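Student: Each chain is listed here by its residues.
2 protein chains.
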Amino acid sequence: MNTDKLSIIPKITLLGAGPGDPDLLTLKGVKALQTADVVLYDALIDETLLDFAPSAAIKIYVGKRSGEHAFEQDAINRLMVDYALNYGHVVRLKGGDPFVFGRGYEELDFADSYSVPVTVIPGISSSIGVPGLQQIPVTHRGMSESFWVITGTTSGGQLSADIAQAATSNATVVILMGLKKLPEIVELFKAAGKADLPAAVVQNGSSANEKLIVGTVKNIVEQAQKEQVQAPALLIFGEVVSLHPSFKSLIKPYASIA
Amino acid sequence: MNTDKLSIIPKITLLGAGPGDPDLLTLKGVKALQTADVVLYDALIDETLLDFAPSAAIKIYVGKRSGEHAFEQDAINRLMVDYALNYGHVVRLKGGDPFVFGRGYEELDFADSYSVPVTVIPGISSSIGVPGLQQIPVTHRGMSESFWVITGTTSGGQLSADIAQAATSNATVVILMGLKKLPEIVELFKAAGKADLPAAVVQNGSSANEKLIVGTVKNIVEQAQKEQVQAPALLIFGEVVSLHPSFKSLIKPYASIA
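Residue numbers (numbering that gives the first Met the number 0), protein chains in the order written: chain A, 0 to 257; chain B, 0 to 257.
A few of these clues could be false.
As the list makes no split between identical chains, a pair holds if one copy fits it or if it spans any two.
As the list claims (entries may be wrong) - Here are the simulated DSSO-like pairs of lysine-lysine, each with C-alpha atoms no more than 27 Å apart in a straight line: (1) K189 to K179; (2) K10 to K210; (3) K30 to K189.
Hints listed in this document are in silico derivations from the structure and should not be mistaken for laboratory results. Quick caveat: nothing in here was measured; it's all calculated off a predicted structure.
The following block holds chain A by itself, in its conformation from the complex (with noise of 0.2 Å):
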């Protein structure tokens, strides 16, 4: 930790941690954080990846959870140019990828407003990298050309429009944040004449105690009432939620009687 504040460069490194789990980490992001004078994580980060950073570092979490916000956003960023200005290097250590609805972008006009250098190095956002672990694709020739990533909580609290148009594209439709809007979700896909469309639901994705529910349009709500998923989770809808082996046993329920 750089303490003679003469010599201090400050600068800050929005890092993207992954989803969960510290495997999933960059060799740039290991590096980025070896040097590091102040480590800023968020909820969902493993704390074994604080391990990386000098131990004479400073680690605070400014984790936000929803409906807690125990720190708010304006909050994190004057922390954050505050402990660059006074310490160096900062690290922002992010879940997944930090342009991905991690407000990353805000974090660095921010710095950007009191000229600290900010660099950027992406993670593996859970967008793609929770469907892939689990061995369902978001693209495959023939099935889906494309994949559509929405955010299922607006700044403003309501349903994006995008899902409603995301509905009636051929796109496989990756939902972050929006398990509490499944059921109105789930409507406009009903809407767009989508009911039996492949869904997935994964709680915890990368993670030991990761869960996936496979469905479709129809009876994924029920699906993931029952298996009691919380936040947070992941929606997917699409044909290439079938290639799934789970959905293949689904749809085939009294096959496996001998």
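For chain A, the structure is supplied; the task is to place chain B on it using the hints.
Tutor: Below, chain B without anything else, positioned relative to chain A:
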């Protein structure tokens, strides 16, 4: 390398290497390479990544580039399974993420048909990471609540129908492998009344020779031609491109005259 055939346990790891910069490999990827008996790697893979594999491991280039097709997908599938059955752990090292237009699921499916177990390790997809490294966020509050990632080159060679729909949406639109079709793509955005939408082309994203072109739907083809942009390149359409510093200077071409 395992040479005692009786003790061979075949397995395959589909490993995403990220967009180009070798430091964007994950720790989980490093660990997989360290136990590889065979590495089958693509074009666009930085060969320094092969150094993580044991020196005795077999390393085979199976790259196909647009137009060349050095290896057909069927040949790669067979090679992958043959090596797993004969040598043990095959790491299939792929650019970006294995399931983002990487034909990863075809490889998984083929391995499945031979009962060779497959592990998937996600990689940083260039669709998110390349804009991010340029400090262009694919999402930003009040500007973009979603992003839509589409291939510019479908299996049939024509333009994906998804692009026309994406052009009418509010999503940030990211198109991979679409440079050759940029003039056609731009027409779709113009037809949707978006001639003034900010647009960017990034060549060799995340590599030392990265090149960024910024403009609008109206002039991006001309800009890309003037700068002689070549594949591999990624296209970004959306208001978020306006956040890039070079866009600000673009729309005020005379502002710097002192």
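Student: Please go over all the hints and tell whether each is borne out by the structure.
Tutor: Hint check:
1. K189 to K179: Intra 18 Å, inter 37 Å, cutoff 27 Å: intra-copy only.
2. K10 to K210: Answer is between; shortest inter-copy Cα gap is 24 Å, intra-copy 38 Å.
3. K30 to K189: Neither. Shortest intra-copy (47 Å) and inter-copy (44 Å) distances fail the 27 Å Cα cut-off.
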